[in-house]
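Colleague: Model the full assembly from the supplied sequences, consistent with the hints where possible.
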Amino acid sequence: MNNDIKFSRYNFDVVVIGAGGAGLRAAVEARQAGLRVAIICKSLFGKAHTVMAEGGAAAAMGNVNDNDGWEVHFRDTMRGGKFLNNWRMAELHAKESPDRIWELETWGALFDRTKDGRISQRNFGGHEYPRLAHVGDRTGLELIRTMQQKIVAMQQADAKEHGDAEKYLKVFAELTVTEILKDGEKVSGCYGYWRESGDEVLFEAPAVVLATGGIGKSFKITSNSWEGTGDGHALALRAGSALVDMEFVQFHPTGMVWPPSVRGILVTESVRGDGGVLTNSEGKRFMFNYIPEVFKDKYAENEAEADRWYEDQNNNRRPPELLPRDEVARAINSEVKAGRGSPRGGVYLDVSKRLPADEIKRRLPSMWHQFKELADVDITEQPMEVGPTCHYVMGGVKVDPDTAAAYEVPGLFAAGEVAGGMHGSNRLGGNSLSDLLVFGRRAGVGAAEYVRKHSSIRPSVSDKEIARAHNHLNEPFTRNGSENPYALHDELQNVTQDLVGIIRNERELSTALVRLDSIRNRAAQVKASGGRAFNPGFHLALDLENMLLVSESIARSALARKESRGGHTRDDFPKMDPNWRHTNHLSKWSGSQIEVEADKSEMLPSELIEVFEMDELKKYYTEAELAKDGN
Amino acid sequence: MSRKVNLRIWRGDAKEGKLEDVSVEANEGEVVLDVIHRVQGTQMPDLAVRWNCKAGKCGSCSVEINGKPRLACMTRMNTFADDETITVTPLRAFPVIRDLVADVSFNYRKAMEVPSFAPPEDLKPGEYRMAQVDVERSQEFRKCIECFLCQDTCHVIRDHEENKRSFAGPRFFIRIAELDMHPLDRLRNRKQKAQEEHGLGMCNITKCCTEVCPEHIQITDNAIIPMKERVVDVKYDPIQWLGSRIRKREGIS
Chain A
0 MNNDIKFSRY NFDVVVIGAG GAGLRAAVEA RQAGLRVAII CKSLFGKAHT
50 VMAEGGAAAA MGNVNDNDGW EVHFRDTMRG GKFLNNWRMA ELHAKESPDR
100 IWELETWGAL FDRTKDGRIS QRNFGGHEYP RLAHVGDRTG LELIRTMQQK
150 IVAMQQADAK EHGDAEKYLK VFAELTVTEI LKDGEKVSGC YGYWRESGDE
200 VLFEAPAVVL ATGGIGKSFK ITSNSWEGTG DGHALALRAG SALVDMEFVQ
250 FHPTGMVWPP SVRGILVTES VRGDGGVLTN SEGKRFMFNY IPEVFKDKYA
300 ENEAEADRWY EDQNNNRRPP ELLPRDEVAR AINSEVKAGR GSPRGGVYLD
350 VSKRLPADEI KRRLPSMWHQ FKELADVDIT EQPMEVGPTC HYVMGGVKVD
400 PDTAAAYEVP GLFAAGEVAG GMHGSNRLGG NSLSDLLVFG RRAGVGAAEY
450 VRKHSSIRPS VSDKEIARAH NHLNEPFTRN GSENPYALHD ELQNVTQDLV
500 GIIRNERELS TALVRLDSIR NRAAQVKASG GRAFNPGFHL ALDLENMLLV
550 SESIARSALA RKESRGGHTR DDFPKMDPNW RHTNHLSKWS GSQIEVEADK
600 SEMLPSELIE VFEMDELKKY YTEAELAKDG N
Chain B
0 MSRKVNLRIW RGDAKEGKLE DVSVEANEGE VVLDVIHRVQ GTQMPDLAVR
50 WNCKAGKCGS CSVEINGKPR LACMTRMNTF ADDETITVTP LRAFPVIRDL
100 VADVSFNYRK AMEVPSFAPP EDLKPGEYRM AQVDVERSQE FRKCIECFLC
150 QDTCHVIRDH EENKRSFAGP RFFIRIAELD MHPLDRLRNR KQKAQEEHGL
200 GMCNITKCCT EVCPEHIQIT DNAIIPMKER VVDVKYDPIQ WLGSRIRKRE
250 GIS
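Residue numbers (numbering that gives the first Met the number 0), protein chains in the order written: chain A, 0 to 630; chain B, 0 to 252.
Derived from the structure by calculation, the hints contain no laboratory data.
No residue lacks a Cβ here, since even glycine has one placed at the ideal position from N, Cα and C.
Worth double-checking, as some hints may not be accurate.
[Said to hold, decoys possible] Going by beta-carbon spacing under 10 Å, a handful of chain B positions derived as facing chain A:
#: 1; residue: Asn-51
#: 2; residue: Ala-80
#: 3; residue: Asp-98
#: 4; residue: Phe-116
#: 5; residue: Val-132
#: 6; residue: Asp-133
#: 7; residue: Val-134
#: 8; residue: Pro-213
Modeller: In structure tokens form, the structure reads like this:
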């Protein structure tokens, strides 16, 4: 026993790290399987980044256009990800999303309705039919609140039945996990500290679900909150698992540009889904010039056709403003670089000419509010100024598609943004909220089955593991250095933004790696002052390590991929190359640096190949791949 | 366009604390939270402040600015005079944890006391049909970002710790109203419970909660008053009272 280390000890069957959509959905499922579950929130319960999702959750319910179905959703998802997606994840996602949405209604969610009283669905980039279940432009809030309230409902039921609301399901708010613990190969729990008291906490559990979200805070301009520091990505790396496809980072095309303090805050894609158009400083709708070859036959060629689409979607093609996000972000980037941007370095997004003021306020209430209060812009009368912002990481923990089990670490699971594979090289808008629900649930099932199967021997946590976790947690206090964590974070964000951003090349990526290495050395000199309790400087010192691991993983994977695809654009290799399609990059942590190795992705099975036209597949797959399948 | 501003920030913990003056740069377009972050980065690295989205969507950065409950991320610096000292303190109705961070666990305990959505047993997932106009009333309340500013400002508990046990507060009155107005909720006695168990009667409709709501939810007019009116109807109308006894309904509709 470590007599000199003070910590509180908890014992659960499943510990879920992260209380956004994926974490809460996993917890609900694991509890329903009869297990004792801990939910760990980095912030207060109900504040996770899911709350900021605006547009909606994609699910082929076919409520608005009954031509929709899972095959179409699957097809759109693969196209959006430029066929790099793990096809099995994309298939499960497309098939199960409708059930996950309908289930939320039984827990109290109130989505916007169609005229016949069903869940309304809106258009979004890359989705062939109106597909996004939504609540105005605050869908994420509805999702997280619904699941938060579902957790409360389950606790109330437990209180009634067992006399203790927290007997099976306990929420730990404002607690940060810094270490995954292992007993040999297997997960035995995790370790961290409560921010409120600064006290250290040990969780003993045979299964841990990572649901920690994204990495946006590694970049300067981002839509992500302070929580998005890649904690789960880093925990998985250090526990010996691997990250897949980390070069693919989504820059959402429309973040706020002005004033500087709100730069990066998201402007929902629904603005474009509901008719908003993008123009440059010359007043031109420039997106018509940026329709890539692979999408030529799916998008309108001119404004007249694009405008007709809003009225008649069956006989017209979609406006190019609704291309997948990577295409739109690159187009905006090019316009600004060519000197056709707004004075503050963005482009214009205007919905005021398409919809009456009342309708804008009804459909986009939080956008109206956000621009009015933070930028003095009335979007019912004026255009918004927008530019790309780091929004989402497609890469993440390599998982088994069906069970969400993490690569090579028995007992570790991952779901939501922290997991990789589902979205390939680029995620479609609306596919994140549905991803959280589908794979959150699957992680809950996967963890529960794992715990059942291994119930005869519980892994144990050794004193050595506790000492290791304790020492690591307290390093920022025990060091002798004098580096300021805020200044280092700033430097890190500049390196990633400038050298690992939307457009990359070998020279800049190599420079980034050198600079990241120097920041890592200096980060080892970060000294925290004060105590552990609610000390943001100390906390940032811990987050900084995670962001460094993630940034290095992104930079190394990006350097290795010598082509452009989705959320990875190289100006020294500007074309997408079918010979790269079957390569995924695995990032592993050697103890001193990230090592990237190539991993071969599987070919689509024949029943899924049939969902596509052969002409389209030829754009993505090599002849050899297609021939092998007998086509 | 940067200028120096003077802040007075409360620093301390549950045991003791005091206001500390600090001078810091503020740039065009910034909000109070930006300036607090600059203080953290340059002068007080361990200054505790709670925040998440910085876009008015998560309700984490609730503090009191010059004594008024506000979201620090939605309070523009240009709303203050150049020479004005801006005082930032933690939410007064709740115990302080450290600096600007208050212990809001009261609200999570109250959330546990509100009976949850009771789904219709005869409808399977996917079979729910509701008209937009019918869900809109509840949707207004579901805009709530749980910043708890309404709870903080409510004079029933702001300076009356003793009332906390029997009073759920405006946040949970709109939660009850939301469920009460949900077209498919099957629990019939929500308003009565609000009155009898959650302290609805203690509210004397001063509308302070509505005034501070960053989501502009009409807490008083659309939730509290309609519930109070209906409770009064039922309580004092002998025919309704008799009806409810005869039909042996759990409560009121």
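Colleague: If a hint holds in the structure, say so; if it does not, say that too.
Modeller: Here is how each hint holds up against the structure:
no., hint, verdict
1, Asn-51, "holds (4 Å)"
2, Ala-80, "violated (18 Å)"
3, Asp-98, "holds (7 Å)"
4, Phe-116, "holds (3 Å)"
5, Val-132, "holds (9 Å)"
6, Asp-133, "holds (8 Å)"
7, Val-134, "holds (5 Å)"
8, Pro-213, "holds (9 Å)"
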